[in-house]
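Undergrad: Now for the letters of each chain:
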Amino acid sequence: MKFGVVVFPGSNCDLDSYYMVKDVLKQPVEYLWHRDKDLKGVDCVILPGGFTYGDYLRPGAIAGFSPLVESVKEFAHKGGLVLGICNGFQVLTEAGLLPGALYLNISLQFRCVFTYLKVENNRTPFTNLTEDRALKIPVAHGDGNYYADPETLTELEKNGRIVFRYCNPEGEVTKEANPNGSLDNIAGICNEKGNVLGMMPHPERAGEELLGSDDGKIIFDSILKFWGEN
Amino acid sequence: MWKAKIQVTLKKSVLDPQGATVEKALKALGYDNIGDVRVGKYLEVVVEGKDNEEVEEQVVEMCQRLLTNPVIEDYTFEVTEV
Numbered sequence: 001m002k003f004g005v006v007v008f009p010g011s012n013c014d015l016d017s018y019y020m021v022k023d024v025l026k027q028p029v030e031y032l033w034h035r036d037k038d039l040k041g042v043d044c045v046i047l048p049g050g051f052t053y054g055d056y057l058r059p060g061a062i063a064g065f066s067p068l069v070e071s072v073k074e075f076a077h078k079g080g081l082v083l084g085i086c087n088g089f090q091v092l093t094e095a096g097l098l099p100g101a102l103y104l105n106i107s108l109q110f111r112c113v114f115t116y117l118k119v120e121n122n123r124t125p126f127t128n129l130t131e132d133r134a135l136k137i138p139v140a141h142g143d144g145n146y147y148a149d150p151e152t153l154t155e156l157e158k159n160g161r162i163v164f165r166y167c168n169p170e171g172e173v174t175k176e177a178n179p180n181g182s183l184d185n186i187a188g189i190c191n192e193k194g195n196v197l198g199m200m201p202h203p204e205r206a207g208e209e210l211l212g213s214d215d216g217k218i219i220f221d222s223i224l225k226f227w228g229e230n
Numbered sequence: 001m002w003k004a005k006i007q008v009t010l011k012k013s014v015l016d017p018q019g020a021t022v023e024k025a026l027k028a029l030g031y032d033n034i035g036d037v038r039v040g041k042y043l044e045v046v047v048e049g050k051d052n053e054e055v056e057e058q059v060v061e062m063c064q065r066l067l068t069n070p071v072i073e074d075y076t077f078e079v080t081e082v
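Quick note, the sequences are listed as chains U and H, same order.
All the letters of the first sequence, read from the start, carry residue numbers 1 to 230 under my numbering.
All the letters of the second sequence, read from the start, carry residue numbers 1 to 82 under my numbering.
This is chain U alone, in the form it adopts within the complex (with noise of 0.2 Å):
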């Protein structure tokens, strides 16, 4: 299976998703840069961390108007598999590709901190291997802040589209667990057809035991026995 992940000017976290990728998952990867269309038959692509153009007037704002996104939303538009991590995130609200908005932490503060997510939906290509326990992966934003009118909010519940809320370790959902004000605890969403998901902590900052977590190889695995499978 092989994997793509997008470069722009100002993403940070490209590396560490090659490298989850390459040298965790053992599997091929290609950088995909923002200016050009091709997505040189990736099966799935990542949408990286970071502070695409500077955040300049929103974040992920001026990143969702990129050639690149413009392939990305045909290939999601297939059914092709995308997984926007933190700025990523923000670029698929921005872009269209997701509902909702994120915005500055209630805190005011840039969060970089461990979170424990529980996996409202396990049935996506991204959770299909998670256990009935709370996922431990890091959180580095300032603007986290999920935000939807209640009308999409009442349809991203009834569809099983909020796949990940904030939690505590042992798993129950509470306002001490919720690093950024998110509404309802949401730390990820995904599409009507469930092949993107943008979710705000790094997976890829928790592939091996050494850096203080495994459980974000989790969501990598899940997508490997997806594409397995189908």
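Hint data in this document are derived by calculation from the structure and do not stem from the laboratory.
Just to be clear, a hint being listed does not mean it is correct.
Said to hold, decoys possible - EDC-like mimics (lysine to aspartate or glutamate), calculated; alpha carbons at most 20 Å apart, straight line:
{"hint": "1", "chain 1": "U", "residue 1": "K158", "chain 2": "U", "residue 2": "D184"}
{"hint": "2", "chain 1": "U", "residue 1": "K217", "chain 2": "U", "residue 2": "D16"}
{"hint": "3", "chain 1": "U", "residue 1": "K136", "chain 2": "U", "residue 2": "E172"}
{"hint": "4", "chain 1": "H", "residue 1": "K11", "chain 2": "U", "residue 2": "D149"}
{"hint": "5", "chain 1": "U", "residue 1": "K40", "chain 2": "U", "residue 2": "E70"}
{"hint": "6", "chain 1": "H", "residue 1": "K11", "chain 2": "U", "residue 2": "D184"}
{"hint": "7", "chain 1": "H", "residue 1": "K41", "chain 2": "H", "residue 2": "D74"}
{"hint": "8", "chain 1": "H", "residue 1": "K11", "chain 2": "U", "residue 2": "E151"}
{"hint": "9", "chain 1": "U", "residue 1": "K217", "chain 2": "U", "residue 2": "D43"}
{"hint": "10", "chain 1": "H", "residue 1": "K41", "chain 2": "U", "residue 2": "D55"}
{"hint": "11", "chain 1": "H", "residue 1": "K11", "chain 2": "H", "residue 2": "E23"}
{"hint": "12", "chain 1": "H", "residue 1": "K50", "chain 2": "H", "residue 2": "E61"}
{"hint": "13", "chain 1": "U", "residue 1": "K73", "chain 2": "U", "residue 2": "D38"}
{"hint": "14", "chain 1": "H", "residue 1": "K3", "chain 2": "H", "residue 2": "E78"}
{"hint": "15", "chain 1": "U", "residue 1": "K217", "chain 2": "U", "residue 2": "E229"}
{"hint": "16", "chain 1": "H", "residue 1": "K12", "chain 2": "U", "residue 2": "E151"}
{"hint": "17", "chain 1": "H", "residue 1": "K50", "chain 2": "H", "residue 2": "E81"}
{"hint": "18", "chain 1": "U", "residue 1": "K26", "chain 2": "U", "residue 2": "E229"}
{"hint": "19", "chain 1": "H", "residue 1": "K12", "chain 2": "U", "residue 2": "D184"}
{"hint": "20", "chain 1": "U", "residue 1": "K175", "chain 2": "U", "residue 2": "E157"}
{"hint": "21", "chain 1": "H", "residue 1": "K12", "chain 2": "U", "residue 2": "D149"}
All values reported here derive from a predicted model rather than from experimental measurement.
Fit chain H to the known structure of chain U by using the hints.
TA: Just chain H now, kept in the frame of chain U:
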């Protein structure tokens, strides 16, 4: 030539953490008679165009496509000849 002056704020339904913090600071300074502080953005764009109407139409389009995120933000603007 025309100049568009555009103000962007978070929607009323969206919590404004910056506004809330500024409000607390103002109150700490003794301004007890204030409330509902909202922090926003101000943009200026110089536009070439035939008339006010044409320019306004374009400004609305730019606001909707890029300058604001309609999910969380509202905007107002004025266009003047320069």
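Undergrad: Against which earlier hints does the structure fall short, listed by number upward?
TA: When the structure is compared with the hints, none of them turns out to be violated.
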